[in-house]
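J.: Model the full assembly from the supplied sequences, consistent with the hints where possible.
Per this note's numbering: the sequence shown = residues 1 to 291.
Simulated from the structure, these hints should not be mistaken for laboratory data.
Heads up, a few of these hints could be off.
Stated by the list, open to error - Label-pair restraints from in silico Cβ distances:
(1) Val102 / Lys77: 37 to 47 Å
(2) Arg249 / His120: 19 to 29 Å
(3) Leu206 / Ser152: 40 to 50 Å
(4) Ser33 / Ala155: 40 to 50 Å
(5) Leu265 / Trp171: 28 to 38 Å
(6) Arg96 / Ala43: 19 to 29 Å
(7) Glu142 / Arg86: 17 to 27 Å
(8) Ser46 / Arg96: 32 to 42 Å
(9) Lys77 / Val175: 14 to 24 Å
(10) Arg86 / Thr179: 28 to 38 Å
(11) Leu265 / Gly9: 16 to 26 Å
Stated by the list, open to error - Subject to a maximum C-alpha distance of 27 Å in a straight line, what follows is the list of computed DSS-like cross-link-like pairs (lysine-lysine):
(12) Lys54 / Lys234
(13) Lys77 / Lys54
(14) Lys54 / Lys205
(15) Lys269 / Lys160
(16) Lys205 / Lys226
(17) Lys269 / Lys234
(18) Lys103 / Lys250
(19) Lys149 / Lys160
(20) Lys245 / Lys269
(21) Lys226 / Lys98
(22) Lys226 / Lys245
(23) Lys98 / Lys54
(24) Lys98 / Lys234
(25) Lys160 / Lys205
(26) Lys76 / Lys54
(27) Lys234 / Lys160
(28) Lys226 / Lys103
(29) Lys76 / Lys98
Fair warning: this is a prediction, and the values are worked out from it, not measured in the lab.
Cβ atoms here follow ideal geometry from the backbone N, Cα and C, with glycine treated the same way.
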Amino acid sequence: MTADEVADGEVALIVTSPPYYNAPFDYPGLFSSYEEYLDLIRAFASQSRRVLGKGRICAVVTDDMLVREGNGGRGKKYPIVADTTRAFIEEGFLYRDKITWVKPAGYTRISRRSGVVLQHPYPMYFYPDNIQESILLFQNGEFDYEQLKNLSHDALESSKIDTLRLNSENWTLSVWNITNVLPMAGRVEEGVAAFPDEIPSRLIKLFTFVGETVFDPFLGSGTTLKVARELGRKGIGYEIDLELKDVIRKKLGLDYHRWTGEDYLLEEKAGARNLRKTLQTKVRQQKSVAS
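T.: This is the structure we're talking about:
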């Protein structure tokens, strides 16, 4: 994460999902070790502390990851939630809360993981399918509620939370049941592990005022910026994978030949490179050679 162009304290809210550690559906083999992955998370925490305003929130969508290492390996589960929490606390953040995002139970069907106990219906063969992710909420110190007195009546009213929807859709609970985005052919998010609009939508409404800035340093398909703009917030995003440039452009509704406009600016910077399909192809080739 390089956010040098983002000013200190400029951001009101970070909503993001860092790459899943060497996940086969995301960026397989991107990191040489788990420690290298944690270095990225620690750098992310450090930059987040700098760009966030006092008392503002960083929301990290992540989860523990099962990574199969080597051919025929059973796989190893990495405690990403715990280690991410530790990294942010050590950086000086307050651990405000954790929301569990639960996906529909039927979308996984029967996987190789849960299917083990069906093939061997005896004790010690049970491995559950994961249908949840964690939304970790870290706060950059205490928020000064006195500053809200400086906001205009219009600013407060335009940012007011719909309490009827808050209650009817159970936003107040620590478990959110939200349908996930399947990376199916023909969709803008084809082949991309994108979170649904509803996640940044809720977080932006709950933690920012109209006109404030939302930041996504691992932009992916561009969902956070799309939703931020729809809700009257400013947005800043970074994405290193050039393969996602057209996906972001389509999601934001940018004309193919025009990269600047009244309310957006899209730039390609040094360091951007092709990653997702390149890594996935490399892994498939390695498996083919090994087999």
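J.: Hint by hint, note whether the structure agrees.
T.: Cross-check of the supplied hints:
1. Val102 / Lys77: 37 to 47 Å: violated (19 Å)
2. Arg249 / His120: 19 to 29 Å: Given range 19 to 29 Å: violated, Cβ gap about 48 Å.
3. Leu206 / Ser152: 40 to 50 Å: Distance hint for leucine 206, serine 152 is violated at roughly 20 Å.
4. Ser33 / Ala155: 40 to 50 Å: Holds, at about 47 Å.
5. Leu265 / Trp171: 28 to 38 Å: Since leucine 265 and tryptophan 171 have Cβ atoms about 32 Å apart, the given range 28 to 38 Å holds.
6. Arg96 / Ala43: 19 to 29 Å: Because 21 Å falls inside the window, the suggested range holds.
7. Glu142 / Arg86: 17 to 27 Å: holds (21 Å)
8. Ser46 / Arg96: 32 to 42 Å: This hint is violated: roughly 18 Å between Cβ atoms.
9. Lys77 / Val175: 14 to 24 Å: Hint holds: Cβ distance 22 Å, inside 14 to 24 Å.
10. Arg86 / Thr179: 28 to 38 Å: holds (31 Å)
11. Leu265 / Gly9: 16 to 26 Å: Since the Cβ atoms of leucine 265 and glycine 9 sit about 21 Å apart, the hinted range of 16 to 26 Å holds.
12. Lys54 / Lys234: holds (18 Å)
13. Lys77 / Lys54: Not OK: lysine 77 and lysine 54 at ~35 Å, beyond 27 Å, violated.
14. Lys54 / Lys205: holds (18 Å)
15. Lys269 / Lys160: Violated, because 37 Å separates the two Cα atoms, which is more than 27 Å.
16. Lys205 / Lys226: holds (14 Å)
17. Lys269 / Lys234: holds (21 Å)
18. Lys103 / Lys250: Holds: lysine 103 and lysine 250 sit about 25 Å apart, inside 27 Å.
19. Lys149 / Lys160: holds (15 Å)
20. Lys245 / Lys269: holds (12 Å)
21. Lys226 / Lys98: Measuring from Cα to Cα gives roughly 24 Å; hence the hint holds.
22. Lys226 / Lys245: Within the cut-off at roughly 14 Å; holds.
23. Lys98 / Lys54: holds (20 Å)
24. Lys98 / Lys234: holds (25 Å)
25. Lys160 / Lys205: holds (8 Å)
26. Lys76 / Lys54: violated (38 Å)
27. Lys234 / Lys160: holds (17 Å)
28. Lys226 / Lys103: holds (22 Å)
29. Lys76 / Lys98: Given pair lysine 76, lysine 98 holds - Cα atoms ~24 Å apart, limit 27 Å.
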